[in-house]
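J.: Spelled out, the chains give:
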Amino acid sequence: MQILHKTNLEALERARMLGSDGVLSLLEGKGLVGRGGASSPTAKKWRECRDTPADERFVVCNANEGEPGSFKDKLIIRHNAETLIEGILIAAYIVGAKRCFIYLRGEYDHLRPRLQEQIADVLPRANLEGVSIEIVRGAGAYICDEATALLKSIMGFRGTPMYRPPNPTTEGLWGRPTLVGNVETLACAAQAVLFDDWDANLRLFSLSGNIKNAGVYEFPLGVKMSSVIDVARPQRKLKAMSFGCFGGIMPVDENMSITPEAVCKGNCKQGNYSIIFIDETNNVVDISYSIAKFYTYESCGKCTPCREGTIRILNLLKKIRSGKGVKSDLQLLRELATHVQETSLCNLGQTCGNHVLTSLEHFPEDYEAYLAKKK
Amino acid sequence: MEEKKDNRLLMNILHEAQEKHGYISEQMLKQISVEQNIPISRLYGVAKFYSMFHTEPQGRYVVEVCGSPSCVLNNGVQIEKFLEEEIGVKIGKTSEDGMFSLYKTSCIGCCDEAPAIRINGQPHTKMTAERVQVLLKKLRTAFKKKKK
Amino acid sequence: MRRRSERMRIKLNEKEIEADGSKSLLNICRENGITVPTLCYHASLFPEARCRVCLVEMNGKLVTSCSTKPSEGASIVTNSERVVKARKLNMELMMPESSCKREEDLEVCEIYDEVGMGKPRFPQIKEYKPDLGAAVIRDDNKCINCGRCVRVCADVQGVFAIDFASRGHNEHITPYEEKHLADVACIRCGQCILNCPVGAISERSHVEEVVAALNDKKKHVVAQVAPSIRAALGELFGMPAGTLVTGKTVAALRRCGFAKVFDVDLGADITVMEEACELLWRFENGRVLPMITTCCPGWILMMEFFYHDLIGNMSTCKSPHEMLGMLAKTYYAKKAGIDPKDMIVVSIMPCTAKKFESTRPEMKSGVDYVLTTRELGRLIKMKNVDFASLPDEDFDPVLGVSTGAGVIFGATGGVMEAALRTAHKLATGKELENIEFSEIRGMKGIKEGSINLNGKEIRFACAHGGANARKLIEQKDKYHFIEIMACPGGCIGGGGQPIYRDPDVLRKRTEAIYAADRSSTLRRSHENPVVKKIYEEMLGEPLSKKAEELLHTHYVKRSRF
Numbered sequence: 000m001q002i003l004h005k006t007n008l009e010a011l012e013r014a015r016m017l018g019s020d021g022v023l024s025l026l027e028g029k030g031l032v033g034r035g036g037a038s039s040p041t042a043k044k045w046r047e048c049r050d051t052p053a054d055e056r057f058v059v060c061n062a063n064e065g066e067p068g069s070f071k072d073k074l075i076i077r078h079n080a081e082t083l084i085e086g087i088l089i090a091a092y093i094v095g096a097k098r099c100f101i102y103l104r105g106e107y108d109h110l111r112p113r114l115q116e117q118i119a120d121v122l123p124r125a126n127l128e129g130v131s132i133e134i135v136r137g138a139g140a141y142i143c144d145e146a147t148a149l150l151k152s153i154m155g156f157r158g159t160p161m162y163r164p165p166n167p168t169t170e171g172l173w174g175r176p177t178l179v180g181n182v183e184t185l186a187c188a189a190q191a192v193l194f195d196d197w198d199a200n201l202r203l204f205s206l207s208g209n210i211k212n213a214g215v216y217e218f219p220l221g222v223k224m225s226s227v228i229d230v231a232r233p234q235r236k237l238k239a240m241s242f243g244c245f246g247g248i249m250p251v252d253e254n255m256s257i258t259p260e261a262v263c264k265g266n267c268k269q270g271n272y273s274i275i276f277i278d279e280t281n282n283v284v285d286i287s288y289s290i291a292k293f294y295t296y297e298s299c300g301k302c303t304p305c306r307e308g309t310i311r312i313l314n315l316l317k318k319i320r321s322g323k324g325v326k327s328d329l330q331l332l333r334e335l336a337t338h339v340q341e342t343s344l345c346n347l348g349q350t351c352g353n354h355v356l357t358s359l360e361h362f363p364e365d366y367e368a369y370l371a372k373k374k
Numbered sequence: 000m001e002e003k004k005d006n007r008l009l010m011n012i013l014h015e016a017q018e019k020h021g022y023i024s025e026q027m028l029k030q031i032s033v034e035q036n037i038p039i040s041r042l043y044g045v046a047k048f049y050s051m052f053h054t055e056p057q058g059r060y061v062v063e064v065c066g067s068p069s070c071v072l073n074n075g076v077q078i079e080k081f082l083e084e085e086i087g088v089k090i091g092k093t094s095e096d097g098m099f100s101l102y103k104t105s106c107i108g109c110c111d112e113a114p115a116i117r118i119n120g121q122p123h124t125k126m127t128a129e130r131v132q133v134l135l136k137k138l139r140t141a142f143k144k145k146k147k
Numbered sequence: 000m001r002r003r004s005e006r007m008r009i010k011l012n013e014k015e016i017e018a019d020g021s022k023s024l025l026n027i028c029r030e031n032g033i034t035v036p037t038l039c040y041h042a043s044l045f046p047e048a049r050c051r052v053c054l055v056e057m058n059g060k061l062v063t064s065c066s067t068k069p070s071e072g073a074s075i076v077t078n079s080e081r082v083v084k085a086r087k088l089n090m091e092l093m094m095p096e097s098s099c100k101r102e103e104d105l106e107v108c109e110i111y112d113e114v115g116m117g118k119p120r121f122p123q124i125k126e127y128k129p130d131l132g133a134a135v136i137r138d139d140n141k142c143i144n145c146g147r148c149v150r151v152c153a154d155v156q157g158v159f160a161i162d163f164a165s166r167g168h169n170e171h172i173t174p175y176e177e178k179h180l181a182d183v184a185c186i187r188c189g190q191c192i193l194n195c196p197v198g199a200i201s202e203r204s205h206v207e208e209v210v211a212a213l214n215d216k217k218k219h220v221v222a223q224v225a226p227s228i229r230a231a232l233g234e235l236f237g238m239p240a241g242t243l244v245t246g247k248t249v250a251a252l253r254r255c256g257f258a259k260v261f262d263v264d265l266g267a268d269i270t271v272m273e274e275a276c277e278l279l280w281r282f283e284n285g286r287v288l289p290m291i292t293t294c295c296p297g298w299i300l301m302m303e304f305f306y307h308d309l310i311g312n313m314s315t316c317k318s319p320h321e322m323l324g325m326l327a328k329t330y331y332a333k334k335a336g337i338d339p340k341d342m343i344v345v346s347i348m349p350c351t352a353k354k355f356e357s358t359r360p361e362m363k364s365g366v367d368y369v370l371t372t373r374e375l376g377r378l379i380k381m382k383n384v385d386f387a388s389l390p391d392e393d394f395d396p397v398l399g400v401s402t403g404a405g406v407i408f409g410a411t412g413g414v415m416e417a418a419l420r421t422a423h424k425l426a427t428g429k430e431l432e433n434i435e436f437s438e439i440r441g442m443k444g445i446k447e448g449s450i451n452l453n454g455k456e457i458r459f460a461c462a463h464g465g466a467n468a469r470k471l472i473e474q475k476d477k478y479h480f481i482e483i484m485a486c487p488g489g490c491i492g493g494g495g496q497p498i499y500r501d502p503d504v505l506r507k508r509t510e511a512i513y514a515a516d517r518s519s520t521l522r523r524s525h526e527n528p529v530v531k532k533i534y535e536e537m538l539g540e541p542l543s544k545k546a547e548e549l550l551h552t553h554y555v556k557r558s559r560f
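Protein chains in written order, with numbering that gives the first Met the number 0: chain A, 0 to 374; chain B, 0 to 147; chain C, 0 to 560.
If we strip away everything but chain A, and leave its shape as in the complex, we get (with noise of 0.2 Å):
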């Protein structure tokens, strides 16, 4: 696999030599954008940190997955961190920071002394001076995954997300400029860096649910659905596909070619590739109201959509399922997934209500089979 190559300190050689403008235009022509879910093209956040006057910044690494369905990052901190390090150093040089840290998921914390180890081990090699990597725990919180969560969260706070403008890279750690980026981006970029022939096609997709092959695979975009189905080997007829909790539920298309364009079409976002697949066995709305769980008990709390709107979701499902809805919860659930989707503070509730509204739109059968259902 790509992610796996190490760069062993080469890549930081290389930065120093082409320079902040000369590493910025290479990223830039390789088309390295963010793999945290957002595809924002890297170079140009890396450029507007470092050109925001200040008299210091940080450089921060995402290492907060927490999309259910979403395991990638965890393969990079566990069989490439030396090159996630190195990353995080060449973010470092360009924008000129020099406390970088690195937020790791509470729910990874298993692997924090070995990461520790290594960034013992690779930052007296790497010969910044006063630069510095340092682990913060997370400590279960999905909403710390979103950037200003995620600052404010390193800052001695509730992870409660700011609305933008400002963006963190402008104002971020302690009102500074701070590069916030995904750990696979980071890594990537070390490679993009050194490696000639880099392609900035490849994405590591997590493939997860009633499959029996369920892993971290790196295919090219544009990949045939079948040629992922061949290599994920479901156990019985697949139904549905799931991006993450935040992407959506559309059907599976054995000829669609994986493209954000192709997603977009089911109404769904592709985000970091991260697909739970759902068989014929299984209710869509089983599958949503444990993503409905999911949010309310992520939700922050702090814009009313997104705070009163989950749990209203949620009960709603929860009557369905009971056999006591009727159709004007349907309507109702729309409604609710619509607004909220509308009018949130930040992207975990404009995208919280998707899997309601695309299993509403591609599965309406699933909801008339528990109203038809009366208890």
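Simulated from the structure, these hints should not be mistaken for laboratory data.
Remember, predicted model here, so these are calculated numbers, not experimental data.
Every residue, glycine too, gets a C-beta built ideally from N, C-alpha and C.
Some clues are possibly wrong.
The following label-pair restraints were derived from C-beta to C-beta distances [as the list claims (entries may be wrong)]:
(1) B/GLN35 - C/GLU80: 46 to 54 Å
(2) B/ASN11 - C/GLU283: 50 to 58 Å
(3) B/GLN121 - C/VAL83: 46 to 54 Å
(4) C/GLY115 - A/VAL325: 23 to 31 Å
(5) B/ASN11 - A/GLY221: 39 to 47 Å
(6) C/MET7 - B/GLN121: 54 to 62 Å
(7) A/ALA371 - B/GLN132: 37 to 45 Å
(8) A/ASP20 - C/GLU30: 40 to 48 Å
(9) A/GLY129 - C/ASP154: 45 to 53 Å
(10) B/GLU18 - A/GLY129: 24 to 32 Å
(11) C/GLY237 - A/SER38: 54 to 62 Å
(12) A/GLY129 - B/ILE90: 42 to 50 Å
Residues from chain A shown here face chain C by an in silico Cβ test under 10 Å; the list is partial [stated by the list, open to error]:
(13) PRO164
(14) ASN254
(15) ARG311
Listed next, the in silico BS3-like pairs over lysine-lysine satisfying Cα-Cα at most 25 Å (straight line) [unchecked claim]:
(16) C/LYS84 - A/LYS326
(17) A/LYS317 - C/LYS60
(18) A/LYS372 - A/LYS318
(19) B/LYS103 - B/LYS136
Fit chains B and C to the given chain A structure using the hints.
T.: Same frame as chain A, now just chains B and C:
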């Protein structure tokens, strides 16, 4: 209150405090408030925000069952019910003998080895009813040995 | 972030206008005469965009107008069906069944019509136990998580008694460890009450107890009125902010059944005598300086929780209503031939902390109940008194004559000014020519000045609002005399005053206070004939043994946990 720009970060301070007795006590909150010059109301709010911080005493083993879709699709709900039966408490409670606290959690990143649980922060994957039984028995024995 | 003014052209509800791009959409709308409903927005605090009620459409996207600035050529729509529906649904989500009723006098009720609220669609799912205390009480089930109380307590008051805890639909506001406010470092200033749009926080009401006392034929119930009441009570009866209603207040209290109505301004005059003498005594005897005023029980609590080392700096003088309460039960009781055990003294105060103050064991208080301005408004309405049509009546003269120095206690800087008017006479034997100290008047957070007394320069400073108090404390050694008021604006902005939306209201109330001073015949406390009489007949002189016994108190150290 002026923030003391102590280089120690609160998340790490709270984790260390919790590691002493398995939870963050009121006394610890007061101590941190004084040392770090952070209002105690904010400290409490932070401790209550994150699901892995506890402000009340926990069982010797904190058992967390993943309730996210990938685990649900792989018998996760059955494992959850089985744990409730074996330990003898409902989700969110601590057993009478002080051995286990049982919680439901969001995705812990073991989706490729579902269903998964965590015990005192250590993931245990590909769980089945038998594996749960064996694991709990091992932990119970270790607990009794320690008590002696 | 854009901070400097930036002219740009935008479209506002189809109309092309020029706007300042450094301003929020909310401010731009308001400047152009367009109302946008808000709840979590607070004029003096950084917008948080929590409530999502101030939604407008910008370029087809719903955004919160409090936190969004326009871009060049943006098209803003504030009145489309989509905007109206979205605002309404957010309100419905915030206010499930059995939340605030329409007829209550709450900020949220004001926007019900604007938002188009109908019957609540969602059932109440919260089940919090109420937090009941002696001064401030909370009902979390009504809370809409707007966070204004948290931010005011933290940023404006510097107290940090409460904060958000837990997350999602379990997010609630609480002191640490779910304790009651009465058990934590809360200074009872009531600024949280003033800022809660839904009345989830309110004062512990004593109206019932006072009504029972008024109905008890065996009791002689007297009322004593703080300076700040006369500048604000009218607002509860439709009068514009800053209308002086002294005479009507006295008349209303009599109609409610109070046997006598006294003026706390007189208590303030007595406080001036004691405090000015105490200040000079500290100078002459090389005692601890600066001396800090103690009329504000919120400030006293702040000192007792957070600044133990300042105990020696605190004046031992009680606050004006406590002094007057004692005099009512001694001086007046004797004159009227009433057994003080049969007398009930009710203070009408702009302050919630005074409800706590009168229960302090160290106070040995003569005050039985404290009613806030808001509670008095409720009592007056309960008794079916038509406030606006009342004639002006005078306080009962036995404890009702006051000076302009007494009335300015209601404004920040007023205690200092009043004390200096008398201190000058006591120290130099000469009357102070210019008795208006403009340098310590007004809404600036920290104000300072100096005065020459017998060749010595006395430096003084005033702060209002807890956060400003903390700042001033850090500089305390620059001064000889410090006045601290816990509430922004001083007592006229107290936690018991009518709830105001427009911060300009504070300025208007302050103007009324200073106008009352200017129009007083007597403007120096030591000129008050009743003050002279009380000292002649009973107290002897300021700081005498009798004065110490009745009019002075001491303080304690409280753990802030």
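J.: Next step is simple, just say for each hint if it's right about the structure.
T.: Tested hints:
1. The hint said 46 to 54 Å for the Cβ distance between B/GLN35 and C/GLU80, and at roughly 50 Å that hint holds.
2. Between B/ASN11 and C/GLU283 the beta carbons are some 56 Å apart, a value that agrees with the proposed interval 50 to 58 Å.
3. Restraint check, B/GLN121 to C/VAL83: a C-beta distance of roughly 53 Å satisfies the suggested window 46 to 54 Å.
4. Look at C/GLY115 against A/VAL325: about 25 Å separates their beta carbons, and that is inside 23 to 31 Å.
5. Distance hint check for B/ASN11 and A/GLY221: the Cβ-Cβ separation is about 43 Å, which falls inside the suggested range of 39 to 47 Å.
6. Between C/MET7 and B/GLN121 the Cβ separation comes to about 57 Å, which falls inside the hinted range of 54 to 62 Å.
7. For A/ALA371 paired with B/GLN132, a C-beta distance near 39 Å keeps the hint of 37 to 45 Å intact.
8. Taken as a hint, the range 40 to 48 Å holds for the pair A/ASP20 and C/GLU30, whose Cβ atoms sit roughly 44 Å apart.
9. Taken as a hint, the range 45 to 53 Å is violated for the pair A/GLY129 and C/ASP154, whose Cβ atoms sit roughly 34 Å apart.
10. Range check, B/GLU18 to A/GLY129: about 30 Å between beta-carbon atoms, so the 24 to 32 Å window is met.
11. In this structure the supplied range 54 to 62 Å holds for C/GLY237 paired with A/SER38, their Cβ-Cβ distance being about 58 Å.
12. Separation of A/GLY129 from B/ILE90 is about 48 Å and conforms to the stated range, judged on CB atoms against 42 to 50 Å.
13. At about 6 Å, the closest approach between the beta carbon of A/PRO164 and any beta carbon in chain C falls short of 10 Å, and the interface hint on this residue holds.
14. The interface hint given for A/ASN254 is violated, since its Cβ lies 34 Å from the closest Cβ of chain C, which is over the 10 Å cut-off.
15. The interface hint given for A/ARG311 is met, as the beta carbon of that residue sits about 6 Å from the closest beta carbon of chain C, less than 10 Å.
16. Restraint check for C/LYS84 and A/LYS326: the C-alpha separation of about 21 Å stays at or below 25 Å, so the hint holds.
17. With a C-alpha separation of about 31 Å, the suggested pairing of A/LYS317 with C/LYS60 is violated against the 25 Å cut-off.
18. For the suggested pair A/LYS372 and A/LYS318, the alpha carbons sit about 12 Å apart, so the restraint of at most 25 Å is met.
19. With a CA separation close to 21 Å, the supplied pair B/LYS103 and B/LYS136 stays within the 25 Å bound.
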